[in-house]
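Residue numbers (our numbering), protein chains in the order written: chain A, 1 to 279; chain B, 1 to 267; chain C, 1 to 150; chain D, 1 to 337.
Note that these hints are calculated values from the structure, not bench results. Careful, some of the hints might be misleading.
[To be verified] With the Cβ distance kept under 7 Å, some of the chain C side facing chain D (calculated, not the full set):
#, residue
1, ILE29
2, PRO131
3, VAL147
4, HIS149
Cβ coordinates follow ideal geometry from the N, Cα and C atoms, glycine included.
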Amino acid sequence: MKKENIYLPYLMRIVSVREEAPEVRTYRLQFENEEEGNQFEFQAGQFGEYSVAGQGESTFCIASSPTRKGYIECTFRKTGRVTAALADLEAGSFIGFRGPYGNIFPIEEWNGKNLLFIAGGIALPPMRCVIWNCLDLREKFKDFTILYGARTVNDLVYKHELKEWEERTDVNLVTTVDPGGQTEDWKGEIGFVPTILDKMAPKAENTIAIVCGPPIMIKYTFPILEKYGFKDENIFTTLENRMKCGFGKCGRCNVGKVFVCKDGPVFTLAQLKELPAEY
Amino acid sequence: MDNLIKKAKELLENNLVQVVIGYEKGNTQKSRPVFIFKAENADKLIYDESCHYNLASYITRQEMRHTGKMAVVANIHALKAMLVLANEHQFIEGNVIALAVDGSSDVTELKTFSEIEEYIASHPVELKEKEKVLLEKIKALSKEERWEFWQNELARCFKCYACRAACPMCYCHQCTVDCNKPQWITVAPHQLGNYEWQMMRAMHLAGRCVDCGACAEACPLDIPINMLTYYLSESIESNFGFKTGTSATKLYVLSDYKLEDKENFIR
Amino acid sequence: MENFEPKIVAFVCNWCTYAGADLTGTSRIKYAPNVKIIRFPCTGRIDFMILMKAFVNGADGIIVSGCHPNDCHYTSGNFHARRRWMVFRNLLDIMGVDLERITFSWVSAAEGAKWAEIVNSTVDKIKKLGPYENYKKLADSQQLKEVIHG
Amino acid sequence: MKLLKKEALPKLFEKINSADKVIYAPVENHGQLVYRRVSAYDEVKKDYIQTVQSAKYVVFPKIEKLLDYQNSKDGTSLSEAVIDELPEIVLFGVRPCDAAGFDVLKAVFTWDFNDKFYIERAKKLTIIGLSCSKCDNECFCTSVGLNPGSTKGSDILLTKNNEGDYLAEIVTDKGQAMVSLCTDLFSDHKDDNKENYLTKVPVKFEKDAAIEKSTKSFENEQIWFDQAMRCLGCGACTYVCPTCSCFDIQDEGTSAKGIRYRCWDSCGLSQFTIHTSGHNPREEQSQRWRQRILHKYSYQPERLQVLGCVGCGRCSRSCPVDMNIAEHVETIAEIEL
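Construct all of the structure, not just a fragment, from the sequences and the given hints.
This is the structure we're talking about:
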């Protein structure tokens with residue numbers, strides 16, 4: 001249901017707050033207007049504009065899976081003016097949410113394939129949406145590997161869900177921290193995500209790789225995937241660019257002729273290679 | 001003009017500078033800034049009375065940072081702006097060579113700050129006649145009339161920031177208006193936003209503006225914003241005897257103080 | 001406007017004028033309640049735009065007060081402030097702001113009476129001048145009722 | 001083709017006023033020609049080439065309130081900005097290039113998501129164009145598929161003939177509705193050849209070559225570097241441009257109440273694309289100049305099937321350092337690939 005005034009956000013109430021890592025929080029949001037909530041639907045990979053009245057809007061993904069009805073979740077790090085204002089709120093407060101915007105992960109095309117999720121730092125939220133979506137349809141996919149790394153143990157987000165994924169027999173979870181970021185009782189890997197990926201020597205055959213992380217991690221992860229024979233159209237990632245409107249009008253997020261907010265944020269490596277170096 | 005071209009070729013051929021910033025024949029305007037990287041292109045260089053854009057605004061540009069040494073065709077205002085930039089440690093002495101031009105055919109090469117200071121001392125400059133007339137007219141207005149004058153002028157502004165872009169003194173990588181924690185000056189181009197923007201701009205240029213008028217010339221709506229900074233330069237000179245752009249070493253007026261600064265309004 | 005109660009905002013330095021205002025209170029000297037005092041570490045810390053923010057938020061008059069020259073806890077804060085106000089007053093003057101509405105003063109920690117006198121005289125003066133309509137109208141432009149182009 | 005007598009124009013204005021429509025027309029203001037509200041025909045400037053600013057602000061104002069917000073202890077309320085009590089606006093004396101500019105704005109604001117603010121304002125706008133009998137060095141409408149007498153975007157197009165009367169072409173039904181307000185002023189007219197009352201605008205470059213070559217020259221860093229060295233990175237060219245529609249969304253107000261608004265923004269400014277991390281995909285001015293040209297001559301033709309430039313030459317006239325768009329696009333149109 002598209003709103004007549006495309007700039008008017010849904011009014012959302014924060015129902016739960018979870019501290020994920022220093023300055024990183026997850027909010028569960030419910031629609032203040034019941035009827036809007038029931039009609040609201042989105043798909044994995046889409047994002048929205050979250051706003052605090054008086055401070056402005058900020059762009060980040062919808063972190064909860066579309067298969068979970070009645071609420072949406074978002075995870076953000078306190079960096080700019082709006083996220084700082086968001087971080088000051090607590091359960092019961094109100095925020096604005098505009099969306100869903102952008103394209104989606106083509107989950108139907110992945111039926112019967114192995115899934116390899118590679119995430120770094122604060123980029124697990126967009127991945128978590130598609131991970132839970134796939135886990136809720138687990139029987140459709142073959143083996144299911146998640147490689148997630150962060151700077152230190154404390155920086156790992158969704159710690160309780162990582163435990164949950166670890167206990168599941170049908171999910172192979174590998175967590176790592178950058179060298180020096182480990183604690184004494186850390187049992188996971190130690191090393192940067194690309195090096196650990198190299199150690200895991202992933203099989204490319206019938207496998208889809210989904211990669212999200214800071215540009216530096218992306219830069220060193222793609223060559224390793226290519227080394228193990230992953231084809232460009234089987235590697236998915238999301239692009240980040242400055243956004244204001246989210247629906248292809250404010251002219252800010254384009255990379256060459258492509259709008260990241262309309263033709264993205266989900267791109268395959270094949271598409272990425274055609275884009276000019278402007279992101 | 002030909003010895004300007006000769007000088008530019010000499011500097012470029014002997015690799016004394018990597019770029020010469022000067023003026024070339026314009027398309028819409030009679031002349032426009034040009035960047036000469038190779039000696040054979042130096043023939044484009046011209047200098048006549050239409051060349052008044054202040055080239056010192058290019059010294060602090062991002063693209064110039066890794067270009068190396070540069071030579072700048074400098075009218076008197078560009079030289080004064082270079083001294084203020086030098087005073088604010090924006091370039092190392094000798095990295096920017098001034099090719100001082102004063103409308104006559106000769107070109108003086110100035111490398112050190114003291115050479116520039118002497119040249120400026122021997123070439124006094126005044127506001128243009130029409131600028132003086134407008135400034136006197138505004139000063140003669142009553143307080144109420146002045147408020148109305150600036151409300152009518154500044155309400156039209158649409159915050160394109162051409163005034164900031166053309167000013168040699170506005171080189172901050174992120175200007176106050178671009179910071180949003182806190183959003184000190186609003187982004188919105190309504191009357192209040194424009195009024196606060198020009199007030200802050202003028203105050204940040206107090207004692208730094210060399211009266212070159214580049215801001216008013218760059219303004220697409222011809223808003224006479226240079227009147228604000230001219231009036232401040234005038235009052236700073238009378239209050240503190242501080243002439244902007246005359247010394248590379250003397251402390252800038254608002255970062256210095258004297259025990260005997262006289263004022264008549266503090267009770 | 002006989003029943004007009006002006007809103008005055010006072011920007012004061014913590015070491016002298018704020019202490020002076022305390023002294024005014026402890027020595028039971030009465031002064032007009034219209035003033036809202038905002039404490040700054042030093043007059044040197046008072047950004048010139050803060051005064052304008054006070055006008056935008058509805059102040060009709062402003063007092064800026066700090067340590068006498070040579071009393072500054074930070075030795076030169078008030079000297080820098082003095083120069084800044086000399087320059088800023090010229091800018092306000094050319095831009096048409098009503099300088100009568102801004103009072104500058106030196107009030108030391110021992111001058112409780114002087115502080116009361118400054119506040120009372122400022123409130124009387126602003127009462128005569130009336131509310132600062134010009135700046136209220138300017139602040140109202142934020143509601144975007146009328147946007148002027150070209 | 002109709003004829004509108006010279007003396008009929010003041011009456012036309014009266015009829016429009018009496019139908020409580022508001023008229024905007026070029027007038028002298030602060031020494032510059034600008035579209036301003038007028039009540040009678042004699043206020044309108046008669047002899048001019050182009051206004052400094054385009055008329056786009058009639059449908060895309062420099063600042064537009066999107067919504068009001070109230071924060072209180074029992075919650076936040078967001079209320080839509082009321083936009084439908086706008087007066088009907090008649091834009092008189094619009095040059096054919098400006099009128100064509102409104103089509104580009106329409107393409108952007110109605111692509112995929114419909115922008116209600118633009119649609120409400122455009123619905124209430126009637127454009128009375130005025131063909132060009134004069135042009136200057138910056139005009140290049142003939143290079144972008146337009147001409148001094150093009151009816152594109154106008155509801156009625158007037159062309160002044162030698163006797164000072166106006167040939168009136170009724171282009172759209174809005175134009176017809178305007179004429180039906182005062183049919184007595186418009187008399188039928190034999191098909192007079194409009195061409196000989198129009199100015200000649202020299203063609204500076206070939207449109208399709210400009211589109212094709214610019215699309216292929218993204219990687220050609222040298223050409224953008226050479227062209228944009230003197231570009232200062234301000235927003236003057238984009239704000240005077242009739243087709244630039246980029247905007248910023250900001251909030252303003254106290255924690256208790258305030259507004260969210262949209263205001264003009266410019267790809268020339270350095271902070272336009274900066275990320276919160278500080279990374280800026282367009283770090284240098286040459287990249288921003290490339291965006292300005294490619295957005296109009298490559299991306300919009302491909303995505304919206306409309307050329308993002310109408311050849312009015314305003315950006316060249318307003319640029320502090322003479323970045324002449326026709327000259328630079330001509331250089332690109334002529335490079336060998």
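*Structure versus earlier hints, numbers of those that do not hold, lowest first*: 1 and 2
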